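Engineer: Those protein sequence lines, which keep their order, are chains A and B. Read in order, the letters of the first sequence are residues 69 to 393 in my numbering. Read in order, the letters of the second sequence are residues 69 to 393 in my numbering.
If you're looking for bench data, these hints aren't it; they were derived computationally from the structure. Computed from a prediction, not measured in an experiment: that's the story for all the values here. You can take every hint at face value.
No copy labels: a pair is met if it fits in one copy or bridges any two.
Cut-off 16 angstroms, straight-line C-alpha distance, at most; resulting in silico cross-link-like pairs (EDC-like, lysine to aspartate or glutamate):
1. LYS336 with ASP311
2. LYS327 with ASP311
3. LYS249 with GLU210
4. LYS332 with ASP311
5. LYS268 with ASP235
6. LYS117 with GLU101
7. LYS194 with ASP335
Protein chains: 2
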Amino acid sequence: MVKIVIDMMGGDNGSKATVGGVLKFLNKVNDCEVIAVGNPDELKKLEGKCQIIPSSEVVPMECSAMEAMRKKESSVYKAVSAVLSEQADAVVSAGSTGAFLSLSTLLLKKIEGISRPALITPFPTKVDGKYVVLLDVGASSENNANELYQFAKMGEAYYRVVYGKDDLNTYLISNGSEEGKGTPLSREAFDLLKADPNFKGYIEGRYVFGGDADVVVFDGFTGNVFLKGSEGLAKMLGGMMKDAFTANLSSKIGWLFAKRGFKKMLDKMDYKKVGGALLLGVNAISVKAHGNSNEDSFYHSIMIAYTLAKGQVVDQIKESLKSEN
Amino acid sequence: MVKIVIDMMGGDNGSKATVGGVLKFLNKVNDCEVIAVGNPDELKKLEGKCQIIPSSEVVPMECSAMEAMRKKESSVYKAVSAVLSEQADAVVSAGSTGAFLSLSTLLLKKIEGISRPALITPFPTKVDGKYVVLLDVGASSENNANELYQFAKMGEAYYRVVYGKDDLNTYLISNGSEEGKGTPLSREAFDLLKADPNFKGYIEGRYVFGGDADVVVFDGFTGNVFLKGSEGLAKMLGGMMKDAFTANLSSKIGWLFAKRGFKKMLDKMDYKKVGGALLLGVNAISVKAHGNSNEDSFYHSIMIAYTLAKGQVVDQIKESLKSEN
Numbered sequence: 069m070v071k072i073v074i075d076m077m078g079g080d081n082g083s084k085a086t087v088g089g090v091l092k093f094l095n096k097v098n099d100c101e102v103i104a105v106g107n108p109d110e111l112k113k114l115e116g117k118c119q120i121i122p123s124s125e126v127v128p129m130e131c132s133a134m135e136a137m138r139k140k141e142s143s144v145y146k147a148v149s150a151v152l153s154e155q156a157d158a159v160v161s162a163g164s165t166g167a168f169l170s171l172s173t174l175l176l177k178k179i180e181g182i183s184r185p186a187l188i189t190p191f192p193t194k195v196d197g198k199y200v201v202l203l204d205v206g207a208s209s210e211n212n213a214n215e216l217y218q219f220a221k222m223g224e225a226y227y228r229v230v231y232g233k234d235d236l237n238t239y240l241i242s243n244g245s246e247e248g249k250g251t252p253l254s255r256e257a258f259d260l261l262k263a264d265p266n267f268k269g270y271i272e273g274r275y276v277f278g279g280d281a282d283v284v285v286f287d288g289f290t291g292n293v294f295l296k297g298s299e300g301l302a303k304m305l306g307g308m309m310k311d312a313f314t315a316n317l318s319s320k321i322g323w324l325f326a327k328r329g330f331k332k333m334l335d336k337m338d339y340k341k342v343g344g345a346l347l348l349g350v351n352a353i354s355v356k357a358h359g360n361s362n363e364d365s366f367y368h369s370i371m372i373a374y375t376l377a378k379g380q381v382v383d384q385i386k387e388s389l390k391s392e393n
Numbered sequence: 069m070v071k072i073v074i075d076m077m078g079g080d081n082g083s084k085a086t087v088g089g090v091l092k093f094l095n096k097v098n099d100c101e102v103i104a105v106g107n108p109d110e111l112k113k114l115e116g117k118c119q120i121i122p123s124s125e126v127v128p129m130e131c132s133a134m135e136a137m138r139k140k141e142s143s144v145y146k147a148v149s150a151v152l153s154e155q156a157d158a159v160v161s162a163g164s165t166g167a168f169l170s171l172s173t174l175l176l177k178k179i180e181g182i183s184r185p186a187l188i189t190p191f192p193t194k195v196d197g198k199y200v201v202l203l204d205v206g207a208s209s210e211n212n213a214n215e216l217y218q219f220a221k222m223g224e225a226y227y228r229v230v231y232g233k234d235d236l237n238t239y240l241i242s243n244g245s246e247e248g249k250g251t252p253l254s255r256e257a258f259d260l261l262k263a264d265p266n267f268k269g270y271i272e273g274r275y276v277f278g279g280d281a282d283v284v285v286f287d288g289f290t291g292n293v294f295l296k297g298s299e300g301l302a303k304m305l306g307g308m309m310k311d312a313f314t315a316n317l318s319s320k321i322g323w324l325f326a327k328r329g330f331k332k333m334l335d336k337m338d339y340k341k342v343g344g345a346l347l348l349g350v351n352a353i354s355v356k357a358h359g360n361s362n363e364d365s366f367y368h369s370i371m372i373a374y375t376l377a378k379g380q381v382v383d384q385i386k387e388s389l390k391s392e393n
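One chain only, chain A, in its complex shape:
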């Protein structure tokens, strides 16, 4: 049976969002044990439904790795530790990204052979229902070619488990599609990646969301800049669309007529359904839900953790490293 530990206190909405998310998850899935870490007073609705580990201290959203390691009574510290003591498969938190990622790396430790863990996130594409996964989007700020190669392998393991597709299109981001483009780092990684039958070459930024790519590999700095830029731009355009539909009485009426047509677009771009980012390359599944998660998005984050645990993504990554040697 899959076992998932959940930090109930992190995130902008605290236990209000997480409790509802856990309840929704427990209603849907019955072959998973949930361990909830948080203030018992706020978790009464979960009593009898799952194990509760008491903790009422919350780390602030802006929290350094050092600070996170010192706050041993915090819900996020206790949650990540519980993965080890309870032999759980996964941990989920909507709290401080910095704290959660550094605790996941320091306590869960890297998978043997993995040089650096990577933060991976799915993004919708032009093609309905098709996602592309991007990694690393910010666990590191510098990488070498071997790390980029490992990111490709980890991204592929993730894609297979989550989307059930075997032959993949893996690309390396670059400033042009021809071999020889890019930085010395890209060119070195390109050469290593030729050994990967899924590797299809370089991809330019403009084609990342085109629907052809399954996995796109970035160094952590470029990936972070790219993902945050895309999120910022999508948010800006969404805001402009909202303004356009509320600009005057006529456009408000327009919305009434058009909204059914827009449902698909809004659904597709609803990042809450994507469930946040995930740290790959440590010895358990570590899902970072969005800081402003509501019940629904937190439920999706737990669901991702469950899917990956059930699909044994950590073992898949270990396996893919073995086949290298």
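Based on these hints, arrange chain B on the given structure of chain A.
Structural biologist: Chain B in isolation, oriented as in the chain A frame:
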């Protein structure tokens, strides 16, 4: 009097788009001399209105620097050369980016003291009428800290001339906003940039379009990935919006009611008004219009060249380098 040379043959629409663009420009502006380079048979409408340099060879859209240098009879080669022979201030082309940029660099030569030219492009922001300029978006694929510093100075010169604003908010792209974030390159550039009173620190990808930043400095690789990603995403979202408005009869009626409200958004996101990208750091203004330019967007590209020539942006850049020493 400002003098602008125009490659009439480049771009997907060839002289059909460029002739109309030039005519529109000549109707609006009367203190500028235009030199049109192209097949005289296709430029009959310009006879008597401007000087014509005959050339009927067109370089293909995918063209290497070497190839571009060899094709001395091509319209783009002749156009860039004419900047020197005719003592013109600016050159505009909608043709092959690679050919135009390498010819501009090789023939016009870098401004003394400038280590690398940079490709700069404006992008709309959340704030109405406010643009942010991004550079380098792909003239180089690797840069050192001093080059990033020079990009900031060149971007500021551009912003002042085009948007007439003196005190600027210049940022350096990074994976976090606190000093100490980023790569060794970002940190070294950050230290150099402290000497620039306009420098406001690091900016994350998500805030680039927020309206606060005037100039955002990237290394050429990251800038290229970021810009192309943003263009690709904007295009995808635009396509989804169009699909949503044509999904069914009801949404088509919705469009009739809403379109006035959407005018502002569509205007803002119309990249054709932006006029393309520009190579800064060479001894003339070199404007790369969009490959698929129509009359209107080509007109805007000439207008940008004219504005920058009148504002003597090349001299401004020279001046800003002098004040360093």
